[in-house]
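Chain by chain, the residues:
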Amino acid sequence: MSERSALLSGIGIARSYGATPALRGVDLAVGAGEIVAVTGPSGCGKSTLLHCLAGILRTDSGTVTYRDQDIGLWSEAARSRLRRTEFGVLFQFGQLVPELTAVENVALPLLLAGSGRREARQVAAEWLDRLGVGELAEQRPGAMSGGQQQRCATARALVTQPRVLFADEPTGALDALTGEQVLGEIVRVVREQGTSVVLITHEASVAAYADREIVLRDGVLDPTGLGLGVGR
Amino acid sequence: MSTAHVLLGLLAGGPRHGYDLKRAHDERLPRAKPLAYGQVYATLSRLERDGFVAESGQDRDGGPDRTSYELTDEGRGHLAAWLAAVDPPAPYVNSEIFNKVTVALLAAGIEQARDYLVAQRAAHMGRMRELTMAKSAPGASLGDVIAADYAIGHLEADLRWLQTTLARVAAMTTELPKDVTT
Amino acid sequence: MRPATLARLAVAGNRTDTLRTILTALSALLATVAMLAAATVLTITGWAERYTNPLLIEPGLRPGVSATLILVALPVLALAGQCIRLGAPARDRRLAAIRLAGATPRESVLIATAETAVASLLGSVAGLVAYLVARKVIDRPALPTDILPPAPVIVLLVLLVPVLAAAAGAVLMRQVIVTPLGVERRIRTRGPRPWPGLLIAAGIVLFAVPTRLPEHINLSKNWVYAFLGSGVMLTMVGIVLGTGWISSTAGRLLRRYGRGPATLLAGQRLITDPWNGSRTMAALLAAVIAGAVALAYRELLATEFRYYDIYNAMMGSTDGGGMGAAEAPEFYYGAIRLVVVAVSLASVVAAAGVLIALAESIVARRRTYAALTAAGVPRRTLSAAVAWQTLTPLIPALVLALAAGDALVRLIDSEIPVGYEFRDCVAAGYGGCEAPRHPEMAQILHVPIPWGSLALLGGGALLAVLVAVGAGLLVLRASTDLDELRAG
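Residue numbers (the UniProt record's numbering), protein chains in the order written: chain A, 1 to 232; chain B, 1 to 182; chain C, 1 to 488.
Derived from the structure by calculation, the hints contain no laboratory data. Hints are supplied without guarantee of correctness; some may be wrong.
[As the list claims (entries may be wrong)] Label-pair restraints from in silico Cβ distances: (1) B/Q39 with A/G184: 31 to 37 Å; (2) C/S230 with A/D68: 56 to 62 Å; (3) C/V11 with A/R58: 30 to 36 Å; (4) B/H154 with A/A143: 35 to 41 Å; (5) C/V205 with A/A143: 57 to 63 Å; (6) A/D129 with C/P150: 57 to 63 Å; (7) A/P223 with B/Y41: 35 to 41 Å; (8) C/L156 with A/G142: 41 to 47 Å; (9) A/Y17 with C/W275: 24 to 30 Å; (10) C/A151 with A/R58: 49 to 55 Å.
[Unchecked claim] Which chain B residues stay away from chain A? Per the calculated CB distances, all over 12 Å, these: (11) S2; (12) G18; (13) H25; (14) L35; (15) R66; (16) D73; (17) E74; (18) L83; (19) A90; (20) S95; (21) K100; (22) A107; (23) A122; (24) M172.
Heads up, the beta-carbon is just placed ideally off N, CA and C, and yes, glycines get one too.
Using the sequences provided together with the hints, build the complete structure.
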């Protein structure tokens with residue numbers, strides 16, 4: 001993926017938590033419609049990378065460029081708005097508001113963006129249908145199975161038709177079969193929409209859904225994927 | 001012996017002739033190495049000799065050799081016994097990859113084995129992507145999905161083992177004093 | 001974000017949030033009614049002979065009635081403030097999830113603030129309705145149901161509680177950074193300092209100003225009330241905030257001198273979250289201070305009546321004439337009894353607040369408790385730890401509240417000399433002095449400290465908290481079910 005055609009790119013991304021470095025200069029480019037898997041052992045910095053790329057965390061150094069704009073320079077509010085228009089976020093669990101029903105959860109980004117309640121609910125219901133959980137529209141997340149929750153969360157992440165979906169272990173809390181079904185569904189829909197995906201996972205079988213894979217180790221890219229020659 | 005059991009299993013549904021058996025085999029076990037005709041007939045004659053199958057008739061309209069076979073009672077019993085028998089789980093560790101990596105690490109050291117390992121990992125990932133694509137393709141049959149799952153599971157296990165082994169070797173070499181390793 | 005969306009997100013909540021909304025609304029209602037009543041009393045002008053109650057007839061007594069009503073409103077307001085933190089963990093999760101969905105930081109603060117403001121607005125509007133209905137229903141000459149405060153004042157009072165609540169909520173939210181990944185509370189690295197002691201001192205000084213001014217400076221009545229009122233307010237705030245320092249000090253002492261796991265757990269908990277006591281006990285401490293003020297004032301009045309009796313006896317007027325208060329002592333005692341009843345009511349409300357806050361803090365930490373239980377810590381030890389961590393800071397804070405309340409009133413007068421002025425006058429040979437019949441009765445009357453009733457008040461508050469702790473321990477029992485470890 002050349003720099004010019006990249007939709008989203010990070011250059012030299014570094015980020016520490018206190019004295020502990022999580023990322024020590026990572027380069028990454030995601031093209032339009034491309035699914036990129038980020039893998040690596042626990043604590044390698046994959047989630048931090050995703051949070052930096054999605055504008056949830058600010059980088060300590062390095063730049064995150066989306067459509068030729070350095071979003072690191074944007075305000076917190078502007079990056080929040082980006083998350084409800086151009087980006088979708090999907091986590092392992094916990095991104096649904098437990099007090100709202102499925103359809104309200106899915107409608108939330110639209111409502112925050114200023115849509116009317118009726119049209120937002122209608123669009124949300126369509127997305128729930130599309131992910132096969134249309135009949136759960138009035139349920140709260142607590143009453144759903146893990147797989148159903150992730151389908152709702154996927155609907156919410158995609159309801160604004162984002163250009164990039166950030167998925168952090170989206171099936172990590174699900175059993176193998178449910179996880180595969182949900183992942184298959186996500187991949188099917190993003191391929192239809194032409195959405196780019198940054199997919200964080202520690203499982204090779206999940207990474208196999210992506211077009212391309214990068215491996216992180218100790219906060220840097222591991223081009224060998226096996227930790228060979230890293231840190232020497 | 002496994003091919004024989006698969007043929008017995010395919011005959012359990014009713015009499016079939018050799019060509020039919022080969023097609024059914026390739027269809028039900030899509031990711032297995034396809035059967036050769038010769039192998040089908042050799043296996044069938046061996047099964048007939050042992051009394052597990054018997055000729056049940058001849059097709060007139062077909063090509064040269066259209067003998068169909070059916071399962072005997074003895075064959076049915078043999079099949080049931082095979083299905084009931086528990087396979088000894090991994091009695092020997094034996095695989096090309098295992099042998100190669102072990103030899104590379106022991107004989108050549110990580111530095112020399114590096115290119116091979118990286119290439120092998122890339123090949124594994126590539127194959128996994130292919131299989132994933134195949135099984136998520138619209139219209140993939142249950143046989144396709146099951147077979148792809150089996151292969152993906154094994155490839156993933158290979159990768160995990162490779163990873164763990166490298167980490168283990170790295171940990172051991174850093175524990176040792178420098179002058180011993182060099 | 002449309003207002004409708006804001007409203008929907010502001011009222012989204014689980015059972016704890018509903019409880020918080022109800023409690024916030026309820027305390028807003030009570031506070032609004034009390035303040036409206038106070039304003040009504042202040043609206044009466046001149047000698048109002050149309051009422052049957054002298055407290056309302058005399059212009060000199062009415063500000064005192066209003067002040068009392070406001071004094072009662074203070075603990076209720078404190079309860080409203082206390083409610084803001086209720087259900088915080090669940091709300092934090094909700095806010096983080098909303099942020100993740102693309103809400104800006106300002107919007108998330110707006111949602112959190114709107115939650116509180118909407119609840120208290122509902123409450124204060126309900127309070128206005130209750131007040132208007134009550135004055136129609138009661139309509140007796142005993143009460144001023146014939147007049148209304150001016151409309152702007154009514155609007156102001158109805159809006160006051162929501163605005164205060166929203167402001168308090170916004171200030172509390174400043175301590176909180178809602179990130180899409182969760183809520184971080186800005187960590188105070190230093191423990192609480194005893195600086196709220198300065199607030200108490202400032203409160204006492206303010207309260208003392210009108211009573212210790214030189215003779216020639218005449219403050220208007222409003223200024224006097226402003227000084228006294230703000231003095232009481234500052235003292236209350238100082239004691240509530242000072243509970244933080246008391247908690248962390250008590251925690252350190254418990255850890256140093258405590259034997260056994262219960263005191264260790266309680267001590268560590270107090271050091272880690274010293275402000276928990278301030279949050280749970282705010283309303284109760286405010287009520288106790290108000291009560292102590294009332295009781296001390298009763299003692300001061302009693303001393304004044306004794307002064308009149310002695311004076312009259314000394315001057316030889318035994319026929320019931322001579323100096324005295326405008327009304328029979330029973331009238332004033334009755335008025336004070338009313339104050340004490342009001343304070344007791346406020347204390348009951350506050351004790352309910354303690355129970356809720358305590359239950360909430362246990363539920364919020366249920367995983368820790370369940371994990372401790374799973375690790376083999378007996379429930380008895382956990383119960384003891386909860387009791388220690390509640391009562392250790394409470395007892396010194398209660399003593400401080402009682403002492404401060406009494407001290408405030410003692411600033412007005414702690415001893416009243418009787419008869420010396422005449423003896424001195426006669427001895428100096430000035431003319432015009434009436435010679436006392438019994439000069440030997442001249443003495444200094446000391447205003448006694450009402451140990452008994454103060455102890456009763458403190459004991460009552462302690463008992464209320466003990467009941468609350470007992471009920472809280474039942475919650476703990478449910479919370480230490482090992483199922484809680486599995487709850488997401």
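Hint-by-hint comparison with the structure:
Look at B/Q39 against A/G184: about 36 Å separates their beta carbons, and that is inside 31 to 37 Å. About 59 Å separates the C-beta atoms of C/S230 and A/D68, a value consistent with the hinted range of 56 to 62 Å. Under the hint 30 to 36 Å, the C-beta atoms of C/V11 and A/R58, about 33 Å apart, fit the expected range. At about 38 Å, the beta-carbon gap between B/H154 and A/A143 stays in the expected band of 35 to 41 Å.
Distance hint check: the CB atoms of C/V205 and A/A143 are about 59 Å apart, consistent with the given range 57 to 63 Å. A hinted range of 57 to 63 Å holds for the C-beta pair A/D129 and C/P150, which are about 58 Å apart. Distance hint for A/P223 and B/Y41: a CB-CB separation of about 51 Å, inconsistent with the stated range 35 to 41 Å. Look at C/L156 against A/G142: about 43 Å separates their beta carbons, and that is inside 41 to 47 Å.
For A/Y17 and C/W275, the hinted distance range of 24 to 30 Å is satisfied, since their beta carbons lie about 26 Å from each other. At about 51 Å, the beta-carbon gap between C/A151 and A/R58 stays in the expected band of 49 to 55 Å. Consistency note on B/S2: stated as away from chain A, and its beta-carbon is indeed over 12 Å from all of that chain's, at 26 Å minimum. The Cβ of B/G18 sits about 37 Å from the closest Cβ of chain A, beyond the 12 Å cut-off, so the non-interface label holds.
The Cβ of B/H25 lies farther than 12 Å from every Cβ of chain A, with a closest approach of about 27 Å, so its non-interface assignment holds. No beta-carbon of chain A comes within 12 Å of the beta-carbon of B/L35; the shortest separation is about 28 Å. The beta carbon of B/R66 is kept farther than 12 Å from every beta carbon of chain A, the shortest such distance being approximately 43 Å. A cut-off of 12 Å between C-beta atoms confirms that B/D73 is not in contact with chain A; the least separation is 38 Å.
No beta-carbon of chain A is positioned within 12 Å of the beta-carbon of B/E74; the least distance is around 39 Å. With a least CB separation of 24 Å from chain A, B/L83 remains clear of the 12 Å interface cut-off, as annotated. No Cβ of chain A comes within 12 Å of the Cβ of B/A90; the nearest lies about 21 Å off, and the non-interface call holds. The non-interface label for B/S95 is consistent with chain A: the shortest C-beta to C-beta separation is roughly 17 Å, beyond 12 Å.
Listed as outside the interface, B/K100 is consistent with that label: its C-beta sits roughly 15 Å from the nearest C-beta of chain A, beyond the 12 Å cut-off. At roughly 17 Å from the closest C-beta of chain A, the C-beta of B/A107 stays outside 12 Å, upholding its exclusion from the interface. Non-interface call for B/A122 relative to chain A: violated, since the shortest CB-CB distance, roughly 7 Å, does not exceed 12 Å. With a least beta-carbon separation of about 14 Å from chain A, B/M172 lies farther than 12 Å from that chain, consistent with its non-interface assignment.
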